[in-house]
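Line by line, the protein sequences are chains A, B, C and D. Mapped onto this note's numbering, the consecutive letters of the first sequence carry residue numbers 1 to 221. Mapped onto this note's numbering, the consecutive letters of the second sequence carry residue numbers 1 to 221. Mapped onto this note's numbering, the consecutive letters of the third sequence carry residue numbers 1 to 217. Mapped onto this note's numbering, the consecutive letters of the fourth sequence carry residue numbers 1 to 217.
It is worth saying that the hints were derived from the structure and are not from the lab. There's no promise every hint is true.
Not everything, but these chain B residues come out facing chain C in the computed CB check (under 8 Å) [what the hints assert, rightly or not]: (1) G23; (2) G83; (3) H100.
Here are the simulated DSS-like pairs of lysine-lysine, each with C-alpha atoms no more than 25 Å apart in a straight line [to be verified]: (4) A:K125 <-> C:K67; (5) B:K168 <-> D:K58; (6) A:K152 <-> A:K121; (7) B:K121 <-> D:K132; (8) B:K168 <-> B:K218; (9) D:K58 <-> B:K125; (10) D:K58 <-> D:K44; (11) C:K41 <-> C:K70; (12) B:K168 <-> D:K132; (13) B:K6 <-> B:K191; (14) D:K70 <-> B:K121; (15) A:K168 <-> C:K58; (16) C:K33 <-> A:K65; (17) C:K132 <-> C:K160; (18) C:K58 <-> A:K121; (19) D:K168 <-> D:K58; (20) D:K67 <-> B:K125; (21) C:K130 <-> D:K132; (22) D:K132 <-> C:K132; (23) A:K159 <-> A:K191; (24) D:K138 <-> C:K130.
For each residue, glycine too, the CB sits at the ideal point set by N, CA and C.
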Amino acid sequence: MAMDKKQIKAVIAKRVAQELNDGDVVNLGIGLPTLVANYIPNDIDVTFQSENGFLGLGPAPEAGKEDPDLVNAGGMPVTILEGGSFFDSAVSFGIIRGGHVDATVLGALQVDEKGNLANWKIPGKMVPGMGGAMDLVVGANRVIIAMQHTQKGNHKILKECTLPLTAKSQVNLIITEMAVMEVTDKGLVLKELGPEASIEDVKAATGAELIIPENVGKFGL
Amino acid sequence: MAMDKKQIKAVIAKRVAQELNDGDVVNLGIGLPTLVANYIPNDIDVTFQSENGFLGLGPAPEAGKEDPDLVNAGGMPVTILEGGSFFDSAVSFGIIRGGHVDATVLGALQVDEKGNLANWKIPGKMVPGMGGAMDLVVGANRVIIAMQHTQKGNHKILKECTLPLTAKSQVNLIITEMAVMEVTDKGLVLKELGPEASIEDVKAATGAELIIPENVGKFGL
Amino acid sequence: MNKLISVQQAIDKIQDGMTIMVGGFLGAGAPDKLLDALVEKGVKNLTLICNDTSFPDKGVGKMVVNKQFKKMIVSHIGTNPETGRQMNEGEAEVDLVPQGTLAERVRCGGCGLGGVLTPTGIGTEVENEKQKITVDGKEYLLELPLRADIALIRGNKVDKKGNVFYNKSSKNFNPIMAMAADTVIVEADEVVEIGDIDPNNVMSSAIFVDYIVGGDK
Amino acid sequence: MNKLISVQQAIDKIQDGMTIMVGGFLGAGAPDKLLDALVEKGVKNLTLICNDTSFPDKGVGKMVVNKQFKKMIVSHIGTNPETGRQMNEGEAEVDLVPQGTLAERVRCGGCGLGGVLTPTGIGTEVENEKQKITVDGKEYLLELPLRADIALIRGNKVDKKGNVFYNKSSKNFNPIMAMAADTVIVEADEVVEIGDIDPNNVMSSAIFVDYIVGGDK
Numbered sequence: 001m002a003m004d005k006k007q008i009k010a011v012i013a014k015r016v017a018q019e020l021n022d023g024d025v026v027n028l029g030i031g032l033p034t035l036v037a038n039y040i041p042n043d044i045d046v047t048f049q050s051e052n053g054f055l056g057l058g059p060a061p062e063a064g065k066e067d068p069d070l071v072n073a074g075g076m077p078v079t080i081l082e083g084g085s086f087f088d089s090a091v092s093f094g095i096i097r098g099g100h101v102d103a104t105v106l107g108a109l110q111v112d113e114k115g116n117l118a119n120w121k122i123p124g125k126m127v128p129g130m131g132g133a134m135d136l137v138v139g140a141n142r143v144i145i146a147m148q149h150t151q152k153g154n155h156k157i158l159k160e161c162t163l164p165l166t167a168k169s170q171v172n173l174i175i176t177e178m179a180v181m182e183v184t185d186k187g188l189v190l191k192e193l194g195p196e197a198s199i200e201d202v203k204a205a206t207g208a209e210l211i212i213p214e215n216v217g218k219f220g221l
Numbered sequence: 001m002a003m004d005k006k007q008i009k010a011v012i013a014k015r016v017a018q019e020l021n022d023g024d025v026v027n028l029g030i031g032l033p034t035l036v037a038n039y040i041p042n043d044i045d046v047t048f049q050s051e052n053g054f055l056g057l058g059p060a061p062e063a064g065k066e067d068p069d070l071v072n073a074g075g076m077p078v079t080i081l082e083g084g085s086f087f088d089s090a091v092s093f094g095i096i097r098g099g100h101v102d103a104t105v106l107g108a109l110q111v112d113e114k115g116n117l118a119n120w121k122i123p124g125k126m127v128p129g130m131g132g133a134m135d136l137v138v139g140a141n142r143v144i145i146a147m148q149h150t151q152k153g154n155h156k157i158l159k160e161c162t163l164p165l166t167a168k169s170q171v172n173l174i175i176t177e178m179a180v181m182e183v184t185d186k187g188l189v190l191k192e193l194g195p196e197a198s199i200e201d202v203k204a205a206t207g208a209e210l211i212i213p214e215n216v217g218k219f220g221l
Numbered sequence: 001m002n003k004l005i006s007v008q009q010a011i012d013k014i015q016d017g018m019t020i021m022v023g024g025f026l027g028a029g030a031p032d033k034l035l036d037a038l039v040e041k042g043v044k045n046l047t048l049i050c051n052d053t054s055f056p057d058k059g060v061g062k063m064v065v066n067k068q069f070k071k072m073i074v075s076h077i078g079t080n081p082e083t084g085r086q087m088n089e090g091e092a093e094v095d096l097v098p099q100g101t102l103a104e105r106v107r108c109g110g111c112g113l114g115g116v117l118t119p120t121g122i123g124t125e126v127e128n129e130k131q132k133i134t135v136d137g138k139e140y141l142l143e144l145p146l147r148a149d150i151a152l153i154r155g156n157k158v159d160k161k162g163n164v165f166y167n168k169s170s171k172n173f174n175p176i177m178a179m180a181a182d183t184v185i186v187e188a189d190e191v192v193e194i195g196d197i198d199p200n201n202v203m204s205s206a207i208f209v210d211y212i213v214g215g216d217k
Numbered sequence: 001m002n003k004l005i006s007v008q009q010a011i012d013k014i015q016d017g018m019t020i021m022v023g024g025f026l027g028a029g030a031p032d033k034l035l036d037a038l039v040e041k042g043v044k045n046l047t048l049i050c051n052d053t054s055f056p057d058k059g060v061g062k063m064v065v066n067k068q069f070k071k072m073i074v075s076h077i078g079t080n081p082e083t084g085r086q087m088n089e090g091e092a093e094v095d096l097v098p099q100g101t102l103a104e105r106v107r108c109g110g111c112g113l114g115g116v117l118t119p120t121g122i123g124t125e126v127e128n129e130k131q132k133i134t135v136d137g138k139e140y141l142l143e144l145p146l147r148a149d150i151a152l153i154r155g156n157k158v159d160k161k162g163n164v165f166y167n168k169s170s171k172n173f174n175p176i177m178a179m180a181a182d183t184v185i186v187e188a189d190e191v192v193e194i195g196d197i198d199p200n201n202v203m204s205s206a207i208f209v210d211y212i213v214g215g216d217k
């Protein structure tokens, strides 16, 4: 029984959430990564940074309580939690570049076994721009890619990215609905299998060599 | 009747004050330059910057009303005027270096006909450090040196500074109790004579060539 | 010195071919009244420096749709398909700059710095034609200052002297742009008396602000 | 996560040979309790990064008199004759840095920048051994980042999470140093509850602060 799109996103977000530690400062990219906030265990304190200028990003406000001066990096109305703070864009990226962000979670168009990431441009086709992604990937202490394993059956995890890079050798961990993979000096190490994936499934869905240890864990729905 | 030290300082400060315009942002150095604030005409609005972190520097507070969190760049208790603002040292020098300060008034150990200034170091003898002076002299749109014309009879205005420089070719105007001199591409131009000085007096007290126009003005006590 | 002017007086200062900086992040914290008036005025061949090109129906996004920019220096255009179209068809030049680099370049422009070294963009096409400098064994890109003829920013409370308080996440690029243009016009949500903003809470000093527009609240 | 510690616990973290940043400008805005305790403790061979060496009877100035620094990176030593004496007699190394350059170098250290280009110091001995870079026909010095093992800063109001509000001109180097050290200890005039400082008025975010000392008021 294959997971539907919603389940796929949930399973990825939930697994990513397990990577975060008490006290972490985390920046979540737009889209799927945003869902990670819903799965933070209650017993740990994670502070979310919004690169448009604040710490303590909270959930969307109730309908009718939106404040046009309080939006996230996707321009959507949000709230700020008690103990949060606002700052300008120079300070915001000082925080990001300066290593004050423990982890960033971003999507990818392509990611490769050297930890290269491409997520800002498909030449001649779609060029949204890098926004804050290039700074986040270079600056955050840990870069976690959260995405579906393949795009319409095509490999997104490659030996070498073919699209313009967002950053070189900065990705630490890739989490998909099929697998958790760590980027190491020797290549991509398969750490865990998704709820419905076998090693053979992951190999087939991956365009890079996988290093497969004796014991590969499993994560659930 | 020679002026006493107090009169000399007053005559210099008063003449410097005439150089300031309505709307100017001005940074006054420690010592003699500080006195300039006492002579700003009532009909013009000059904002004083204090490089330790605020705009709207006001006079010293009444005795007993000193606030240890509100001091000038000399560490002395001061006040802030209505409409002032506080900021950190990075912003403060962003203001200074970024050309947001219209004029700075500083003392000098030596100044020369090329507009070079030396006021931070006498090697092996006295090395107070440059503090904010190097940034001020490079960043302010207009650099006015306010000082006594000579030091114990020795020339301070020279063909070329012999002490380590604070900045190269940044001085615009030199005001002493004896003269107002403008630094030009061609050299030092004598613009005005002090209340008790003749052209010959100024020449004798100056270690650089002076360009003397046909009409040299006069400033008073 | 009275800095209060009308929207009309403000946009009269903006001429064809100028470079303008505009505060705001996907429209939040943008000076919408001024931007709407610029759409109305139809001034052309502008260069825009802004975080993004907003949405087609909002602020600078409308100006994009109205083809008022010959060049846009921004970090993101994904929310305004018209920008991408103009770029792909060669109608306008788009210079995509990483957001943190954009912030630093504007800050350099306002703070008299000749540039900064950033690790952002190393190993990507952002490094094309830029000087690389190695410090302590690590490679950085030398990124250069940006300045504008006019900055259009938005403040929440602005006193009559020009001191600005920004509310919440509307701050974004506004404070650094307030330092980086020859002329700075702030659109105020509310104009207050001098002294009404605590000097501790002033986020852009009055000396940066040349003109104030607004105060309907 | 409880960040509140005692003065003693705080200074236990500072060991011989460390590099410390200390906020304050001629003592204003300096963490005096921590500095007095450091004099008491007598920790040695420290490198100091601070605006100045204060006065002989105050804060870091006392530490200078107590010969606790092997090196001082400061913009001004004129108010503490003992610093000049130690420098002239070769007892301690003093690296004099223009104040604006010092601020930018600390900021670079905290913001992940590899350096900045400043016009300050061109044509003076400050340029010795530094790389000069020409941008748009103008010469700049490349100035490099500064970081510390520990930053000791002072805040006026500090909430229990570590958000800091600085009062008036006590701000100076404190906010930029709060970003530029591996461990940051803030001495609070007053410790307040989380939420007591409006997020608009937080001047250093809690994420920079590791420990909070004080709160006698």
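Comparing the hints with the structure gives:
1. Checking B:G23 against chain C by beta carbon gives a least distance of about 6 Å; that is within 8 Å, so the hint holds.
2. Evaluation of the B:G83 hint against chain C yields a held restraint, the C-beta minimum of about 4 Å falling below 8 Å.
3. The interface hint given for B:H100 is met, as the beta carbon of that residue sits about 6 Å from the closest beta carbon of chain C, less than 8 Å.
4. Between the alpha carbons of A:K125 and C:K67 the distance comes to roughly 21 Å, so the proposed pair stays at or under 25 Å and holds.
5. Between B:K168 and D:K58, the direct Cα distance comes to roughly 35 Å. Violation of the 25 Å bound is thereby established for this hinted pair.
6. Pair hint A:K152 plus A:K121 holds up; C-alpha atoms about 18 Å apart against a cutoff of 25 Å.
7. Proximity of B:K121 to D:K132 is assessed by CA-CA distance (about 23 Å); at most 25 Å being required, the pair is judged to hold.
8. Simply put, B:K168 and B:K218 have alpha-carbon atoms about 29 Å apart, too far for the 25 Å limit, and the pair is violated.
9. For the suggested pair D:K58 and B:K125, the alpha carbons sit about 24 Å apart, so the restraint of at most 25 Å is met.
10. Pair hint D:K58 plus D:K44 holds up; C-alpha atoms about 18 Å apart against a cutoff of 25 Å.
11. Taking the CA atoms of C:K41 and C:K70, the gap is near 16 Å; set against the 25 Å cutoff, the hint holds.
12. Proximity of B:K168 to D:K132 is assessed by CA-CA distance (about 15 Å); at most 25 Å being required, the pair is judged to hold.
13. A hinted pair counts as satisfied when its Cα atoms are at most 25 Å apart, and B:K6 with B:K191 qualifies at roughly 24 Å.
14. A distance of roughly 21 Å separates the Cα atoms of D:K70 and B:K121; the hinted pair therefore holds under the 25 Å criterion.
15. A distance of roughly 35 Å separates the Cα atoms of A:K168 and C:K58; the hinted pair therefore is violated under the 25 Å criterion.
16. Between the alpha carbons of C:K33 and A:K65 the distance comes to roughly 23 Å, so the proposed pair stays at or under 25 Å and holds.
17. Annotation: proposed proximity of C:K132 to C:K160 is violated, straight-line Cα distance about 45 Å (limit 25 Å).
18. At roughly 24 Å between alpha-carbon atoms, C:K58 and A:K121 fall within 25 Å of each other, so this suggested pair holds.
19. At roughly 20 Å between alpha-carbon atoms, D:K168 and D:K58 fall within 25 Å of each other, so this suggested pair holds.
20. Distance check on the hinted pair: D:K67 and B:K125 sit about 21 Å apart at the alpha-carbon level, within 25 Å; holds.
21. Proximity of C:K130 to D:K132 is assessed by CA-CA distance (about 17 Å); at most 25 Å being required, the pair is judged to hold.
22. Between D:K132 and C:K132 the CA atoms are separated by roughly 14 Å; this keeps the pair inside 25 Å, and the hint holds.
23. Taken as a hint, the A:K159 and A:K191 pair is honoured in the structure, with Cα atoms around 18 Å apart against an allowance of 25 Å.
24. Distance hint between D:K138 and C:K130 is fulfilled; the C-alpha atoms sit about 17 Å from each other, no more than 25 Å.
Violated hints, in rising order: 5, 8, 15, 17; the structure is consistent with all others.
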